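K.L.:
Model the full structure from these sequences, guided by the hints.
Protein sequences appear in the order of chains F and S. When we follow this note's numbering, the leftmost residue of the first sequence carries the number 443, and every step to the right adds one. When we follow this note's numbering, the leftmost residue of the second sequence carries the number 443, and every step to the right adds one.
No lab work stands behind these hints, which were simulated from the structure alone. Treat the hints with care, since some could be wrong.
You can't tell identical chains apart in this list, so a pair holds if it fits in one copy or across any two.
Claimed, not checked - The list that follows gives simulated cross-link-like pairs (lysine-lysine, DSBU-like), each with its CA atoms no further than 35 Å apart:
{"no.": "1", "residue 1": "769", "residue 2": "660"}
{"no.": "2", "residue 1": "660", "residue 2": "527"}
{"no.": "3", "residue 1": "795", "residue 2": "660"}
{"no.": "4", "residue 1": "527", "residue 2": "577"}
{"no.": "5", "residue 1": "797", "residue 2": "660"}
{"no.": "6", "residue 1": "660", "residue 2": "577"}
{"no.": "7", "residue 1": "755", "residue 2": "832"}
{"no.": "8", "residue 1": "577", "residue 2": "769"}
{"no.": "9", "residue 1": "795", "residue 2": "755"}
{"no.": "10", "residue 1": "444", "residue 2": "769"}
{"no.": "11", "residue 1": "527", "residue 2": "444"}
{"no.": "12", "residue 1": "660", "residue 2": "832"}
{"no.": "13", "residue 1": "832", "residue 2": "569"}
{"no.": "14", "residue 1": "797", "residue 2": "832"}
{"no.": "15", "residue 1": "444", "residue 2": "575"}
For clarity, every value in this text was computed on a predicted model and none was experimentally measured.
Listed here are the chains, written in short residue letters.
Number of protein chains: 2
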Amino acid sequence: MKTLNLPPRLLMGPGPVNCYPRVLSAMSTQLVGQFDPAMTAVMDEVMALYRQVFLTNNPHTLLIDGTSRAGIEALLVSALEPGDKVLVPVFGRFGHLLTEICERAGARVYTINSPWGTVFEPEQIEKALIRIKPKVLAIVQGDTSTTMLQPLEHLGALCRQHDVLLYCDATASVGGNTLNTDEWQLDAVSVGLQKCLGGPSGSAPITVSERYVTQVRKRHHIEAGIRESSSSHALGSPIQSNYFDIPMLLDYWSGARLNHHTEAASMLFCARECAIALLEEGLGNVIRRHYDAGSAMLAGIQAMELTPYGDIKHKMNNAVGVVIPDKIDGELVRHELLHRFNIEIGTSFGPLKGKIWRIGTMGYNARQDAVLHTLQSLETVLRRHQCVPKAGGGVDAALAYYDQASIQ
Amino acid sequence: MKTLNLPPRLLMGPGPVNCYPRVLSAMSTQLVGQFDPAMTAVMDEVMALYRQVFLTNNPHTLLIDGTSRAGIEALLVSALEPGDKVLVPVFGRFGHLLTEICERAGARVYTINSPWGTVFEPEQIEKALIRIKPKVLAIVQGDTSTTMLQPLEHLGALCRQHDVLLYCDATASVGGNTLNTDEWQLDAVSVGLQKCLGGPSGSAPITVSERYVTQVRKRHHIEAGIRESSSSHALGSPIQSNYFDIPMLLDYWSGARLNHHTEAASMLFCARECAIALLEEGLGNVIRRHYDAGSAMLAGIQAMELTPYGDIKHKMNNAVGVVIPDKIDGELVRHELLHRFNIEIGTSFGPLKGKIWRIGTMGYNARQDAVLHTLQSLETVLRRHQCVPKAGGGVDAALAYYDQASIQ
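P.N.:
In structure tokens, the structure reads:
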């Protein structure tokens with residue numbers, strides 16, 4: 443049995459990406475017990491740190507022990523009782539994921555669709571809210587399948603007006619794009635570490651508003667086996683998952699520390715370090731770094747006379763889709779980039795499969811050198827397929843972007 | 443924001459325990475992409491390693507990305523359709539957890555109960571199987587709430603005979619006690635890393651038999667958004683969780699690599715190292731080490747004239763319950779052990795709350811020095827409460843056990 447000896451990839455796809463080295467180191471911290479005051483102090487600290495990441499005062503800000511879709515499922519399955527109506531505006535693959543999770547929760551799911559590569563106008567969503575009167579509006583902020591970023595700033599007020607809970611999956615956008623939980627009146631937000639936060643997949647930070655908590659507390663339940671009296675049985679319809687039961691998780695993360703799962707301590711330390719890395723650099727600075735890396739990458743792609751995918755004025759800072767030129771085998775290009783240059787760029791799903799590459803500039807890799815190496819290498823590979831007009835055009839455009847950005 | 447600076451605890455409770463240092467180091471490995479051949483090779487390797495841990499030839503052996511109860515929920519919710527009958531023999535807290543998870547899956551749950559501190563005879567379970575005719579028998583192997591280890595070796599044949607699927611939660615027992623998946627004809631087993639496997643909580647290895655897979659494949663489903671044709675819609679009743687959908691997870695871990703969640707790579711590397719640590723030492727040797735540490739601890743406890751809890755001939759190798767002597771405040775003792783000696787022992791749940799301590803000897807801490815330090819420190823603290831008859835009795839008995847064990 444051999445030591446793990448992985449190739450030194452530069453991960454420039456839609457995530458996961460390379461982790462910040464300090465985040466990797468944090469996971470090697472030896473454990474303390476799950477109810478040790480030293481442990482619960484770290485849990486409290488992580489709650490406080492993620493309030494700053496989410497820009498919220500919600501006391502109910504914590505981690506779900508699983509990947510980002512564990513966070514999505516926890517927030518939706520706890521809020522939706524069978525038969526509840528939910529509206530999902532779908533503009534990419536992760537909108538479909540939300541519908542699927544809501545359907546499995548027994549909800550009546552209504553969708554509106556925007557063509558892949560576009561986003562919704564607030565009016566489209568408002569019309570659907572009025573027509574459907576859902577309990578929950580569930581929407582993705584940044585959908586890496588299309589690289590589009592849905593504007594959210596007007597939806598919170600609409601949802602309050604129509605008495606709807608607003609859930610947002612900001613997994614792919616948080617840290618690289620503005621996400622203003624309280625100002626935008628988002629009731630429930632879940633994210634993951636493996637995109638702009640620069641960690642591995644495996645922990646899903648969430649935050650929920652008092653409005654959300656009031657709804658889910660109606661379904662509050664204390665587990666048999668740790669109940670001390672028989673009088674504290676569930677009042678509302680039980681949440682169909684024990685693992686994703688938000689009221690129980692709130693109890694676990696509260697001062698009461700009512701036992702639920704055994705907290706995934708190494709991922710807790712990891713999530714802590716991701717937040718500290720972000721906050722020490724400064725949220726605004728990190729978003730600006732993502733904006734610069736994404737803009738430089740886009741400039742390089744365009745200078746190579748490649749076509750960016752979709753409505754680029756709504757592109758996420760941290761990802762760009764690139765239309766694969768005719769007569770080129772997109773997978774062959776990805777293969778050469780990976781095996782000759784140790785650089786990974788992304789393929790696509792569903793309707794875009796084989797049609798676009800997806801190039802990410804996120805987290806630790808939202809860096810000038812990572813952008814420049816990627817553009818050079820992509821050009822070299824494309825050149826071997828007689829596809830690029832002018833040698834050095836891509837990397838020069840990116841350099842020019844960074845020159846100009848640093849002057850401002 | 444400060445560097446994480448946790449006290450150097452010796453974790454001698456019912457888990458989590460201190461991790462093997464090599465396991466902590468493995469988590470600092472930099473990532474590769476989720477479908478990188480270097481990554482999928484590690485996933486395949488982990489499947490092969492856990493076949494050896496579980497003593498099975500099941501090809502379907504993989505990780506659930508969550509804590510051990512995520513593994514439990516995935517296996518039960520995928521197998522149980524609403525209205526299905528399940529039998530849960532309950533002999534401690536984690537039996538209650540199984541009933542709760544099954545209820546939330548919509549199953550009709552039948553329990554039989556054995557007093558806490560005891561286990562079931564096979565005849566008791568067979569009678570209930572015949573009477574209830576469940577689809578699934580769900581049982582815990584080692585329940586840390588009582589420290590009891592349920593014998594399982596006769597249940598598989600019974601279940602085959604009565605056409606029942608046999609699920610076992612071996613979280614607390616695996617690695618420290620015999621668990622023979624194929625020989626015992628277990629259809630589905632889930633575990634965690636944070637007990638005898640010497641890792642942190644956060645990844646749940648599972649294995650499932652062909653019988654189990656045949657059942658859950660009837661509910662097979664491909665997610666919207668990654669479906670390539672509209673013809674491949676779900677056939678059976680959909681599994682109520684997307685995250686815990688075993689057929690989808692089997693697709694993800696198969697050669698098809700059908701996209702589901704983003705694998706929690708650092709926890710994958712961690713789970714890999716836990717298995718390698720176990721297999722390099724040798725499964726039989728590791729179980730023997732747990733037996734010795736548990737026996738030495740028990741000898742020490744008895745020599746201190748403390749009373750072990752429950753039917754100790756069915757005690758797990760890796761944990762012992764200790765009846766808290768009259769007039770002693772059990773929490774005060776735990777507090778002194780933690781804050782003066784940096785040693786954690788466990789408290790209890792539900793009916794045993796305040797009545798027993800639980801002392802674990804598991805994973806990295808199933809070591810002679812850990813046993814000796816714990817006994818000495820417990821004696822010192824108890825002595826401050828005028829509770830121990832003979833100075834040095836506990837530690838001397840443990841030393842004597844190890845002297846005799848090493849002669850054999």
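K.L.:
Since the copies are identical, ignore which copy is meant and state whether residue 444 and residue 575 lie within 35 Å (CA to CA) inside a copy, between copies, both or neither.
P.N.:
neither (57 Å within a copy, 47 Å between copies)
K.L.:
My question is about residue 527 and residue 444: at a cut-off of 35 Å on alpha-carbon distance, are they close within one copy, between copies, both, or neither?
P.N.:
neither (52 Å within a copy, 45 Å between copies)
K.L.:
Given a CA cutoff of 35 Å, do residue 577 and residue 769 count as a within-copy pair, a between-copy pair, both, or neither?
P.N.:
Answer is neither; intra-copy 48 Å and inter-copy 54 Å both fail.
K.L.:
At most 35 Å between CA atoms: does that hold for residue 755 and residue 832 within a copy, between copies, both, or neither?
P.N.:
within (26 Å within a copy, 79 Å between copies)
K.L.:
Have a look at residue 444 and residue 769 and pick one of within, between, both or neither, based on CA distance no larger than 35 Å.
P.N.:
Answer is neither; intra-copy 42 Å and inter-copy 54 Å both fail.
K.L.:
Given a CA cutoff of 35 Å, do residue 660 and residue 832 count as a within-copy pair, a between-copy pair, both, or neither?
P.N.:
Close neither inside one copy (64 Å) nor across copies (55 Å); limit 35 Å.
K.L.:
Please sort residue 660 with residue 527 into within, between, both or neither, judging by C-alpha distance up to 35 Å.
P.N.:
Both, since 17 Å and 28 Å are each at most 35 Å.
K.L.:
How would you label the pair residue 832, residue 569 (within, between, both, or neither) given a Cα cut-off of 35 Å?
P.N.:
Neither way: residue 832 and residue 569 sit 48 Å apart in one copy and 80 Å across, limit 35 Å.
K.L.:
How do residue 769 and residue 660 come out at 35 Å by Cα distance, when the copy is not named: within, between, both, or neither?
P.N.:
neither (58 Å within a copy, 41 Å between copies)
K.L.:
Cα distance capped at 35 Å. Does residue 797 pair with residue 832 within a copy, between copies, both, or neither?
P.N.:
within (23 Å within a copy, 79 Å between copies)
K.L.:
Between copies, within a copy, both or neither: which fits residue 797 and residue 660 at Cα up to 35 Å?
P.N.:
between (47 Å within a copy, 33 Å between copies)
K.L.:
For residue 795 and residue 660, with the copy left unspecified, which applies at a CA distance of at most 35 Å: within, between, both, or neither?
P.N.:
between (43 Å within a copy, 28 Å between copies)
Of the hints listed earlier, those the structure fails to meet are numbers 1, 8, 10, 11, 12, 13 and 15, in rising order.
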